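Let the hints inform the model, and build the full structure from the sequences given.
There are 2 protein chains.
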Amino acid sequence: MIDITAMIKQIGQQAKQAARELAWASGDKKNRALILMAQSLRDQAGILIAANQLDLIRAEQQNLTPAMLDRLRLTEAHIEGMAEGLSQIAQLPDPVGAIDHMRRMVNQMQVGQMRVPLGVIGIIYESRPNVTADAAGLCLKSGNAVILRGGSEAIHSNRAITTCLIQALVETGLPKHAIQFIDTIDRNAVGLLLKTPQYIDVIIPRGGKELIQRIMAESHIPVIKHLDGNCHTYVDSHADLEQAFALTLNGKMQRTGVCNATETLLVHADIAKKFLPKMAKLLHEAGCELRVCELSRKLIGKTIPVQTATAEDWDCEYLGPILAIRVVESIQAALDHIEAHSSRHTEVIVTQDHQRAMRFLRQVDSAAVLVNASSRLNDGFQFGLGAEIGISTDKLHVRGPVGLEGLTCQKYVVFGDGQIRS
Amino acid sequence: MIDITAMIKQIGQQAKQAARELAWASGDKKNRALILMAQSLRDQAGILIAANQLDLIRAEQQNLTPAMLDRLRLTEAHIEGMAEGLSQIAQLPDPVGAIDHMRRMVNQMQVGQMRVPLGVIGIIYESRPNVTADAAGLCLKSGNAVILRGGSEAIHSNRAITTCLIQALVETGLPKHAIQFIDTIDRNAVGLLLKTPQYIDVIIPRGGKELIQRIMAESHIPVIKHLDGNCHTYVDSHADLEQAFALTLNGKMQRTGVCNATETLLVHADIAKKFLPKMAKLLHEAGCELRVCELSRKLIGKTIPVQTATAEDWDCEYLGPILAIRVVESIQAALDHIEAHSSRHTEVIVTQDHQRAMRFLRQVDSAAVLVNASSRLNDGFQFGLGAEIGISTDKLHVRGPVGLEGLTCQKYVVFGDGQIRS
Chain A
1315 MIDITAMIKQ IGQQAKQAAR ELAWASGDKK NRALILMAQS LRDQAGILIA ANQLDLIRAE
1375 QQNLTPAMLD RLRLTEAHIE GMAEGLSQIA QLPDPVGAID HMRRMVNQMQ VGQMRVPLGV
1435 IGIIYESRPN VTADAAGLCL KSGNAVILRG GSEAIHSNRA ITTCLIQALV ETGLPKHAIQ
1495 FIDTIDRNAV GLLLKTPQYI DVIIPRGGKE LIQRIMAESH IPVIKHLDGN CHTYVDSHAD
1555 LEQAFALTLN GKMQRTGVCN ATETLLVHAD IAKKFLPKMA KLLHEAGCEL RVCELSRKLI
1615 GKTIPVQTAT AEDWDCEYLG PILAIRVVES IQAALDHIEA HSSRHTEVIV TQDHQRAMRF
1675 LRQVDSAAVL VNASSRLNDG FQFGLGAEIG ISTDKLHVRG PVGLEGLTCQ KYVVFGDGQI
1735 RS
Chain B
1315 MIDITAMIKQ IGQQAKQAAR ELAWASGDKK NRALILMAQS LRDQAGILIA ANQLDLIRAE
1375 QQNLTPAMLD RLRLTEAHIE GMAEGLSQIA QLPDPVGAID HMRRMVNQMQ VGQMRVPLGV
1435 IGIIYESRPN VTADAAGLCL KSGNAVILRG GSEAIHSNRA ITTCLIQALV ETGLPKHAIQ
1495 FIDTIDRNAV GLLLKTPQYI DVIIPRGGKE LIQRIMAESH IPVIKHLDGN CHTYVDSHAD
1555 LEQAFALTLN GKMQRTGVCN ATETLLVHAD IAKKFLPKMA KLLHEAGCEL RVCELSRKLI
1615 GKTIPVQTAT AEDWDCEYLG PILAIRVVES IQAALDHIEA HSSRHTEVIV TQDHQRAMRF
1675 LRQVDSAAVL VNASSRLNDG FQFGLGAEIG ISTDKLHVRG PVGLEGLTCQ KYVVFGDGQI
1735 RS
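Protein chains in written order, with my numbering: chain A, 1315 to 1736; chain B, 1315 to 1736.
For the record, the hints were derived by calculation from the structure and aren't laboratory data.
None of the values given here were measured: they were computed from a predicted structure.
Keep in mind that a hint or two might mislead.
Note: identical chains are not told apart, hence a pair may lie in one copy or across any two.
Unchecked claim - Dumping the calculated DSSO-like pairs for lysine-lysine here, alpha-carbon to alpha-carbon at most 27 Å:
(1) Lys1523 to Lys1330
(2) Lys1523 to Lys1509
(3) Lys1616 to Lys1523
(4) Lys1509 to Lys1490
(5) Lys1592 to Lys1612
(6) Lys1343 to Lys1490
(7) Lys1509 to Lys1323
(8) Lys1490 to Lys1323
(9) Lys1616 to Lys1509
(10) Lys1592 to Lys1616
(11) Lys1587 to Lys1330
(12) Lys1595 to Lys1343
Shown next as C-alpha cells:
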C-alpha cells in the first residue's frame, strides 16, 4: 500500500525544487519543450487512445452517464487539439522577466516590478483528459511547476498524457519534476494536497460547483477559481432591436453548457412590448425553454409556450437551453436585480444610450461587463489572451479570463547605487 | 447583552450597501470627505486624548508592558500625523475608474480593464489607534467600505476616532456605513467576522505574527497579509566596500523593530577578510549584537564581542539590534541560504558586477529585491506609492508595499456594436 502522506510530501518537495530552476529557464527552452510535448502527444496517439480505452471500459462498468463518458473520451481529434494548443502556447510571448513601471525616485534609485512565476501550481480537475496537457503547457510557459490531480475515472489517460509531456521536458533539459501527476485513485490525496501551503503556491480547480466548494472549504492554499456563471443580458429601452435579438439569441443558445451563457434576460418595460414577442419566438424556435415573469407572460402571448418563473429561477445557472426572463421598470431595477442575483461572472447591456452604457459598465460588479456584445465573448481567446486556464470569479489577483499573466505575479526590483534610508 | 452574531450580520449588510454607493462616488467627493476627516480629528483632539486616557488607565491597571503602553498612547503629534496622512491621501490620484490595456480585437470590439474597488475590506489590528484613521482613509479613497476591528485595549480611542471620521462622511454626503467600527470587546467578534465571505471581500490584518496566523487559520475570506520579515543583505565579492558598510549598517540599525530591517548578513568568502572586521566594529559601536558563523568569528577576531550563531538564528526575525552573520562560498551559496531561510520579504545584494546583480534580482523569490540599496527602502512611500496599508508577503494579488492600487481590482469591460460569437 502507498503511503499517501509521504507521496504528497515528496511530490511537493520535488515541485518546489523544479520551480526554482524553471523560474529562470529561457523562453526559448520552454518553447522547445512545448513543441516537443506537442510532437510527443502526436507520436504516441495510439498509446493514449489505448490508455483511454481502459478508462472508458471501467467507466462503462461503473455506469457513468453518457455525458460523462463523452467528456472522458479521447479521440484523434482531441489529441490533435491538445498538440495544437501546446504549439499555440509556444507562440505566445514569455511573460516572465518583464519589468514594468520602472521609475526613478527622488533619491535616484530606480524602482520597477518584475513579472515572475507564482511557483508551484496545483491543478485539481475532473473528467476531460485534455486539461492535463492544456494546464501543464500554460504552467510551463509561465515558469511554474505544476502538480496535476485529475479525476480517478481518467487516471490511465492522464498518466499516459503526463508521461509524454515529461519525456519532452527531459529531452529539452528542463527539470522533469516541473510536471508531476498524482498517480493514485486514493481520494485522500486531494485533502492532503490542499494542506501543503509550504509546497504549493496556488490551487486552481477545474470542474463542477461541488468540487470547487469542497476545495474552497478545505484548502489552506489560496485558490483561483471559477465558481458559477449566472450571467445576465439587459435589453435597455434604448436598445437597437436587431442587435438585442442577435445578442440575446447568441448569448443564450450559441452554446448552453458553458459558464458565460446568458441565464437571465432583463428587459426594460418601455421596449418589452416591441421586443419580447419576437424574441420569445426566436428563442422558442431555437429550442429554448422560457421561464418568465407575469408581465413577460402577458406580452409574449399564448402562441409561445412559457413557464412562470419562480424565485429560484433568478439564481439558477441552467447550463442548458432554458432562459429566465423578467421585465424591469428601469435601468436601476436591472442593476438591483443583477446585484441581488448575479454570480459576478458576465453581464451585458444592449443600449444605444451612451450614459446608460457607461453607468452599467461602472456599476455592475462582475468579472466582465459588455456593452452591445454577446456574453459568450467573455473568454481568454476572444479577449486576446492567447490561451486561458479558466475564468476567475474571484476579485483578488486575477478577475475574468486567466491567461499566462494570471499565473504570474510581480515582485519589486530596485537598482540603486548606495541609497540608504534617512 | 449584545447579540454579536446579529451585530456582525447587520454591519456586514450595511457595509455591502455602502460599498455599492461608494464604488461610483466621484474622486472629488471622496477627497472632500478626507479633508473634512482630517479637520474633524484636529478639531476634536481634546476628546480623542481624553478617550485615549480611558484606555491608558485601563491598560496600566492590566499591567501592559511599557512598549504596549507606548504604542497605545495618542498624543497631539499622533493626531496631527493622522490628519496629515488623510490630507496626503486626498492629494493622491483616484485609482478607481481608470481603463487600462484598451485594445481592438479582430471582430472590432474594444476590450479593456477597468480599475474598481474590491468592495468591503475588513481591517483587524492591534494597539496603535492611528491605524484606524490610516486604514479608513486608504479604503475610502480606493472606493471600498471598511469594517474596522481594533484591539480591545484601544477601544475608547478607536471609537472616538471613528466617530470623527463618520461625521465627516455624513457631512460630505457619503454613506455613513462606508466606515464602521466593531464596538465591542467580545473576542468572538473576530471569529464571526472571518466567517462572512458574503459581506467581506478581503481581510487585512495588521499586527504580530500570532494575530496573523490565527486569522489565516480561521478566515473563510481571502487575506492580504504581511507575515514576517527575515530579510537578508548579501555582500558580494564584487561589492564596493564603502557601500557595503553603509547599506548593512542602515539596513540593520536605522530602525530595528520593523519588518524590512536586515536580520542576516551574508558575506562572500573572497571579500570577508577585508569587509567583516570593520563591519563588525561599526555594528558593535552602533549597539548591535552579532551572532556569527565559525569563519566570521575567526575573521572578526577577539576585539569585538560576538555570539556563535545556532541553526535557529538563520530563521529568526529579531526585530531588535541583533544581526546574524554568515560567510558563504559563492553567490550560489547565498541564493541557497536565502531560498532556505528567507521569509520572502526583502533581500539586498551589494555588488558592482552586473551579471551577479541581474542573477540575484531574477532568482531571489521575495516581495522586493534590491541592488545596492538598503533593505529599509522597501516601503510604500519610498517606492512612490504615496501611502501604504502594509507590505504583503503573499504572492497572489499584491506583493510588496500595498497602496491604493492594491485595494482595487480590474474587471474586463467591452465596447461592442453587436458582436456575437460564431
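message = Flag every earlier hint the structure violates by its number, smallest first.
response = Numbers 3, 9, 11 and 12 - these are the hints that the structure violates, sorted from lowest upward.
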